[in-house]
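Protein chains in written order, with my numbering: chain B, 1 to 325; chain R, 1001 to 1277.
Source of the hints: derived by calculation from the structure; they are not laboratory data. Glycine included, C-beta positions come from ideal geometry on N, C-alpha and C. Incorrect hints may appear among the rest.
To be verified - Stretches of chain B that chain R covers, calculated by requiring three or more beta carbons in the stretch to come under 8 Å of a beta carbon on chain R:
hint	stretch
1	225-231
2	237-244
What the hints assert, rightly or not - With beta-carbon atoms standing in for the labels, derived distance ranges:
hint	chain 1	residue 1	chain 2	residue 2	range
3	R	A1262	B	L305	52 to 62 Å
4	B	R231	R	S1162	31 to 41 Å
5	B	Y184	R	V1034	52 to 62 Å
6	B	L141	R	E1119	34 to 44 Å
7	B	L132	R	S1129	34 to 44 Å
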Amino acid sequence: MTRYLVRRTLHAVLLLAGVSLLTFLFTALVPGNYFDEMKMNPQISPETVAALRAKYGVDQPLAFRYVHWVGGLLHGDLGFSFAYNTPVGPLLRVRAANTLLLTSVAMLLAWGVALPLGIWSAGRENGWPDHLITLATGALLIVPDLVLALGLLLVAVRSGWLPAGGMAAVGAEPTTWAALGRDYALHLLLPVTALVLSCAPMLVRHVRAAMLDVLDSSFLRAARGHGIPPRRLLYGYALRAAANPLLALFGFSIGTLLSGSLIIEVVMSWPGLGPFLLEAILGRDLYVVIGGVLLSTAFLVAGNLVADVLLYWADPRIRAERGNG
Amino acid sequence: MISGADRAMEPLLTVESLVKRYTPRGFGGGRGGVTALDGVSFSIAEGSTLAIAGASGSGKSTLALCLACLERPASGQIRLAGRELTTLTETQLRAVRPQMQLVFQDPSSSLNPRLTAFEIVTEPFAAQSRFSASERAARARALFERAGLSFQSATRTAAEFSGGQRQRLAIARALALEPRVLILDEALSGLDASVQAQVANLLLDLQEASRLTFVFITHDLAMASRMADRIAVLDRGRIAETGPMDEVLRQPAHASTRALIAATPQWKAELRQQADT
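With the hints as constraints, model all of the structure from the sequences given.
Right under this line is the structure:
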């Protein structure tokens, strides 16, 4: 187990290193930098710009900057934001926490909806609930996430039932913990709904397919032939056997939710990584972009690592195969 | 005209005009269905073996699933010891299922890959909520022995067994509930020749010891003639021909029987010799 974990973690670190290098290269390919726009401002003297460029090391060669940045990273320093004029780390931390709050709630809900629906659907293959679920998930899969989010936003704005953006009420600060929680929950509702609607249909389809696959296998037929009641067959046997593809899907769903949340955060003005990253990209705030991309990748990798560990824990065959290797 | 002797020989398992259709359901469904079984009838006396031979797509596996009450036929009857099975509810079937067990072709897919051999063999007890833990263990040990497996291997998973051992494990599991009928759906087909012979011998020994009734479903007439004394040839969902093994093989009346004989490698040389003379 330890060896397996160490190897997987090593992979993750290598992946992160690769992503950081690529992000560095790509940002270097973008013409101009943050300070070029200052040059257009007549109120800032060329000397000031040159001094700033030197201070932030923008005029240094790329390789040097990368090594310098990695050196800082080892000390927990993610670089400096030009726009905010503060270190990137604390800035990112707040935004990342917001994104994590949004995605983890969405993740829980999406799986909480998809798992029972998928199982139910598979257990009644070709019944009308199954067809209804297939139809509904199909419709949701066709609609682009962006349209879905905008539609929800429209409904919220027109009806006035829900706050149409942001994370907390502006002005009236909630005084009690309960009120604070209620406020957060209300603001979460819209982006979470958008995320769940964009992610859950795919999960339902996969859960259903994985269950049907197992239900069709002959060991399940044999189990039924011994007289195991259908309900126990579905939940006790089929679900356990279908766990492998579903655990892998769990890791994958973290990725789709994260990338989905970046867009939905922008549309719903949720103060997470999404709008922050977009703003930084447009403003060419180099280290914020790199830090944000790296952090998103780290979430993704961590999610897959969790899925791997769960898989390892759940399946005796993988333990036997990989335990020693 | 049923005499007393005939009544005593009343078959254990009787199948009458069994029909199974697969219709694609769903939106605009109902068209282009497949009739997998089209009026299949046969009967088997207790302690004997009926071979059901047919090419692939003839409906063999559908028949196996219908016999084991895992698929519901569209019409027709299946009677086990005089009891009609096709009209039973799932709950009623639970009490009947132990009497009729199925052994599949591919043991690697018919054994739950997550369970140990011990769990696999005792699963039927759990399914029927039978016996205490210690009784289950004792019975599992006996089952391993009967199937010619070492009980020391009981803690391994199915993947750690060879193909022949896996099929022995599947047989041990099928025997757990002390069935009267074993439906062997290509149960020897996936095995090497030497292993095949060993498992065939095991099955014959078990039949003799426990008066088991076999429905031996296969495409391999050489194996069928070794295992069974009667044969029914299945062709596109119908029984093309049926009778004592020797007669049917010596004088095949139906084209599909002749095709099966020609497809049996062990007999090809013989046939060629006959054609030469």
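Cross-check of the supplied hints:
1. 225-231: Per the Cβ count (6), the hint holds.
2. 237-244: The restraint on the stretch 237-244 of chain B holds, since 3 of its residues have a Cβ under 8 Å from chain R and three suffice.
3. A1262/R to L305/B: 52 to 62 Å: 58 Å, holds
4. R231/B to S1162/R: 31 to 41 Å: At 35 Å between Cβs, range holds.
5. Y184/B to V1034/R: 52 to 62 Å: Between Y184/B and V1034/R, where Cβ atoms are some 57 Å apart, the hint holds.
6. L141/B to E1119/R: 34 to 44 Å: 39 Å, holds
7. L132/B to S1129/R: 34 to 44 Å: Taking Cβ atoms as reference, L132/B and S1129/R lie about 35 Å apart, which means the hint holds.
Hint violations for this structure: none, all hints satisfied.
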